[in-house]
Amino acid sequence: MGKIGCHVSIAGGIQNAPGRAAELGCEVFQIFSRSPRGGAAPKITPEIAKAFKAEMKRHGQANCYIHTPYYINFASSNPAIRSASSRIVREELERGTLIGAKYIMTHMGSAGDLARSDALKAVAEGVTKILKGYKGTTILLLEISAGAGNVMGDTFEELDYFIKNSSDKVNVCIDTAHMFASGYDIKTEKGMADTLKVIKKTSGTKRIKLIHANDSKIDLGGRRDRHDHIGKGKIGEQGFINLMKIFPGLDMILETEHDFVVDDIKKLKSLRAKLK
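Those letters in the sequence shown? Residues 1 to 276, per our numbering, in order.
Derived from the structure by calculation, the hints contain no laboratory data. Each residue gets a CB set at the ideal place from its N, CA and C atoms; glycine is no exception. Take the hints with a grain of salt, since some may be wrong.
Straight-line Cα separation of at most 20 Å, EDC-like style, residue types lysine to aspartate or glutamate; simulated pairs [said to hold, decoys possible]: (1) K269 to E255; (2) K169 to E55; (3) K3 to E47.
Across the chosen pairs, the derived CB separations fall in these ranges [to be verified]: (4) Y71 to E125: 16 to 22 Å; (5) D113 to E23: 42 to 48 Å; (6) T188 to P248: 16 to 22 Å; (7) L275 to G133: 31 to 37 Å; (8) A273 to G133: 20 to 26 Å; (9) K169 to K121: 16 to 22 Å; (10) T188 to G133: 32 to 38 Å; (11) T205 to T128: 43 to 49 Å; (12) N165 to K269: 35 to 41 Å; (13) A115 to V198: 22 to 28 Å; (14) Y134 to G249: 46 to 52 Å; (15) E125 to K200: 39 to 45 Å; (16) D219 to E189: 14 to 20 Å; (17) D168 to E23: 34 to 40 Å.
Let's have the full structure, built from the sequences with the hints guiding it.
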């Protein structure tokens, strides 16, 4: 079965993250390798990378994942913003390779002034630019969005378009709250079966590499991104059971508030234990 963890802080240096993850009960974890809101990225020296890997081993963390900054936007009408987005994500892939991160995942941004058709092409071009000449080991995942406003990548059809028009090396991260808000009913068996049909028709189940496990404060198809604690939102425990059955080998990363994230980790572990 897949492993379970959450997003943790890198305050004081990325080498502190594995220990924090272990304290919360994580088996895997996710970080920002830089400030998600802007500014220069702290350098990852060979010494820091070595210390990070040693801490991963010491605290029994199986994998680390990196989330790109919030300001990434491949669909901006401003070419400088699009170019900077590709550069930053490429940097994150290189940084991930230095510390042995398995995946990085990114949002695609929002169309703004661009027509949807032009925005789709812009995103595909941006992703292509990221991977040009890339030789690292960390893999790029595109994360499905919640569909608010003109946000890109809120359907599996759009994610499939980005992959087919960029690189075969790109894969997908599904976020349960985002999927649900975008209209994919994962909480019922029929809804999950219908969702699976869409996935199989588009990018395919093998492209799904990671799950962001978040319950939703928003109703099905509500098109807003509001995470809730496991079993306390509109999705409910059954939605996570449904996903574990279909994707038993995928790791799950929680992005819920840290006041109850330990409980969320325990809850997902208990659901997983029932399926073993």
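Hints, verified against the model:
no. : hint                     : result
1   : K269 to E255             : holds, 15 Å
2   : K169 to E55              : violated, 29 Å
3   : K3 to E47                : violated, 28 Å
4   : Y71 to E125: 16 to 22 Å  : holds, 18 Å
5   : D113 to E23: 42 to 48 Å  : holds, 45 Å
6   : T188 to P248: 16 to 22 Å : holds, 19 Å
7   : L275 to G133: 31 to 37 Å : violated, 42 Å
8   : A273 to G133: 20 to 26 Å : violated, 44 Å
9   : K169 to K121: 16 to 22 Å : holds, 19 Å
10  : T188 to G133: 32 to 38 Å : violated, 45 Å
11  : T205 to T128: 43 to 49 Å : violated, 24 Å
12  : N165 to K269: 35 to 41 Å : holds, 39 Å
13  : A115 to V198: 22 to 28 Å : holds, 24 Å
14  : Y134 to G249: 46 to 52 Å : violated, 25 Å
15  : E125 to K200: 39 to 45 Å : violated, 27 Å
16  : D219 to E189: 14 to 20 Å : holds, 19 Å
17  : D168 to E23: 34 to 40 Å  : holds, 39 Å
The structure does not agree with the numbered hints 2, 3, 7, 8, 10, 11, 14 and 15 stated previously, though it agrees with the rest.
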